[in-house]
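Peer 1: Below, each chain spelled out in residue letters.
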Amino acid sequence: MTVKQISVFVENKPGMLAELANALNENKINMRALSLAETKDFGIIRLILDDPFNAVRVLKDCGYVCSITKVLAIAISNQPGSLGKVMQILGDNQINVEYTYAFTAGVKDKACMILRVGDNEKAIEALTKNGVKPLCQDDLDELYR
Amino acid sequence: MENYYQPEVECASREQIRKWQDERLAKQVKHVYDNVPYYRAKMEEKGIVPEDIKSVDDLHKLPFLTKEDLREAYPYGLLAVPLSDCVRIQSTSGTTGRRVVAFYTQHDLDLWDDCCARAIMAAGGTKDDVVHVCYGYGLFTGGPGLNGGSHKVGSLTLPMSSGNTDRQIQFMCDLGSTILCCTPSYAAYLAETICERGLRDKIKLKAGIFGAEAWSEEMRRDVEEKLGIRAYDIYGLTEISGPGVSFECSAQGGMHINEDHFIAEIIDPATGEVLPDGEKGELVFTSITKEAFPLLRYRTRDICVLNREKCSCGRTHVRMSKPMGRSDDMLIVKGVNVFPSQIETVLLNKGYPANYQIIVSREKNSDKLEVQVEMTPEMFSDSIREIEVRERELIEALKSMLGIYAVVKLVAPKTIARSEGKAKRVIDNRNLY
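For the protein sequence lines, the chains are A and B, in the order given.
Following full-length UniProt numbering, the numbering of the first sequence begins with 1 at its first residue and continues without gaps.
Following full-length UniProt numbering, the numbering of the second sequence begins with 1 at its first residue and continues without gaps.
Next comes chain A alone, as it looks inside the complex (with noise of 0.2 Å):
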């Protein structure tokens, strides 16, 4: 019950983005999510697509550093109150939460939240036990049908 997050080093520096964008687009790869965080020299690029195992033959044809990160994604109602729900869950159980980002999938009225956790098996029983049930690969790509 994750989801696949790759995610690639650049540097950080102009026209970076632009270069991956390219190789992606290049080799019909869909981004559905990027993240970057950044530091003085270089940045993370976490990306969920579409192919991930596809993407990372491409990514790694083309010179980039890149791995696999098993993340969970969480489907709530694009309304006020719904992160807070899932997030006290977490909090609840101790279970840290390193990053977050969200967006917005095809089906009407749902925002996907990613979300990396210090402990996954903990993250999803913890979550599965309150009545939210973390999407796993299949799901995500249903959200696009």
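If you're looking for bench data, these hints aren't it; they were derived computationally from the structure.
Glycine included, every Cβ here is placed at the ideal spot set by N, Cα and C.
Take these hints with a grain of salt, some might be off.
Claimed, not checked - Partner residues aside, some chain A positions facing chain B, computed with beta carbon under 10 Å: (1) Gln5; (2) Ser7; (3) Val10; (4) Met16; (5) Leu17; (6) Glu38; (7) Asp61; (8) Val65; (9) Cys66; (10) Val71; (11) Asn96; (12) Glu98; (13) Tyr101.
We have chain A already, so just place chain B on it with the hints.
Peer 2: Just chain B now, with coordinates in the frame of chain A:
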């Protein structure tokens, strides 16, 4: 009126200096031959015995010593007296990571201090001066050398050591420092800071003795103007003793080599052939008075020119130019010797690829050392924190190897140029020589 520490030596006739050198060299060669098996083997290889070296004219017959010899003989292989006769060790960085250690008897420390005292008095120092030493203390010879020299002159010595600019300036103002001893880049930084803070009227500096790294005439003029002082160059190396091997006088036109202790030669770095005076080549020193660590024909790798013209200051000892370059790949950063091979050793030990680039620059008169390393799949992590932890580990390892802080910059794979043959590992943007 020129100021001397030992006028009878510093202004001795050329004949007298030559006489000292001939006697001391012959004696020193015998001392080394008898007590340093490592060097004796080198002499035997060339078929030379001490009796062959009767005067300076025979010096060229002796084998050279290099930094590689110091590494091979580390730590005690070039020691010429029992360890129990030694009272001090100083150290500097070596080629592939192994440090150079130099030993001193009390006699050796005294002569080193004398050399530094000559430098301080040549810069106008007297017992009424306050000598502010902000070279590093410890294993580095800068601090201890000028400190000892200042004691010999009888000046009030401020053993500040390096760093903490606020405290340096405060002491300078409060205690009326008159002679500043530090690296030229730190002097320039202090000068700038003092001017920015409007403290120029609060300082009493009259002279500066700046060495351990290359600096230009422009930099000299800039520091002299900003601080209202005269700035003098000083040269030395741990292998030979430390700062004070040579020093500048009031003429500010080259550094007088203390020839009663050290014989200088200029050689062609490619062939080892001795070059005539006035030609540019590698500086070689023979230490003729030291007891514990007497190196004969030590190749400094510094490229310079000797000048035997009469100097207006009255000193008769030969003058050397500022070093104009190196005949090896050693860098001097913040006054500290850095070899690219040391950086490579750290990178490989830490599991980084051997493809790296060293970039040296000077920002606001302060040297900056940057090591660029290509990111690899093994080093990469989705967590910035993890990457930064590794980066910090690398910085720490470099600091403990080099003794100075290096900025580590992670760059994308395959972005560091791989030229055919020898890679361009070092980019020095300082335009020092």
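Peer 1: If a hint holds in the structure, say so; if it doesn't, say that too.
Peer 2: Hint check results:
About 8 Å separates the beta-carbon of A/Gln5 from the nearest beta-carbon of chain B, less than 10 Å, and the hint is met. Interface restraint check for A/Ser7: the shortest CB-CB distance to chain B comes to about 4 Å, inside 10 Å, so the restraint holds. Because the smallest distance between the Cβ of A/Val10 and any Cβ of chain B comes to about 7 Å, under 10 Å, the interface hint for this residue holds. For A/Met16, the suggested interface contact is upheld, since its CB lies about 8 Å from the closest CB of chain B, less than 10 Å.
Nearest Cβ of chain B to the Cβ of A/Leu17: about 13 Å, over the 10 Å cut. The hint is violated. With 10 Å as the threshold, the beta carbon of A/Glu38 comes within range of chain B, its nearest partner Cβ sitting at about 8 Å, so the hint holds. With a cut of 10 Å, the hint placing A/Asp61 at the interface with chain B is violated, because the nearest CB-to-CB distance is about 12 Å. Checking A/Val65 against chain B by beta carbon gives a least distance of about 5 Å; that is within 10 Å, so the hint holds.
Hint on A/Cys66 holds. Least Cβ distance to chain B is approximately 7 Å, under the 10 Å limit. Against a cut-off of 10 Å between C-beta atoms, the interface hint on A/Val71 holds, since the closest Cβ of chain B lies about 9 Å away. Checking A/Asn96 against chain B: minimum C-beta separation of about 12 Å lies over 10 Å; hint violated. Satisfaction of the interface hint for A/Glu98 is found here, the shortest Cβ-Cβ separation to chain B being roughly 7 Å, below the 10 Å cut-off.
With a cut of 10 Å, the hint placing A/Tyr101 at the interface with chain B is violated, because the nearest CB-to-CB distance is about 13 Å.
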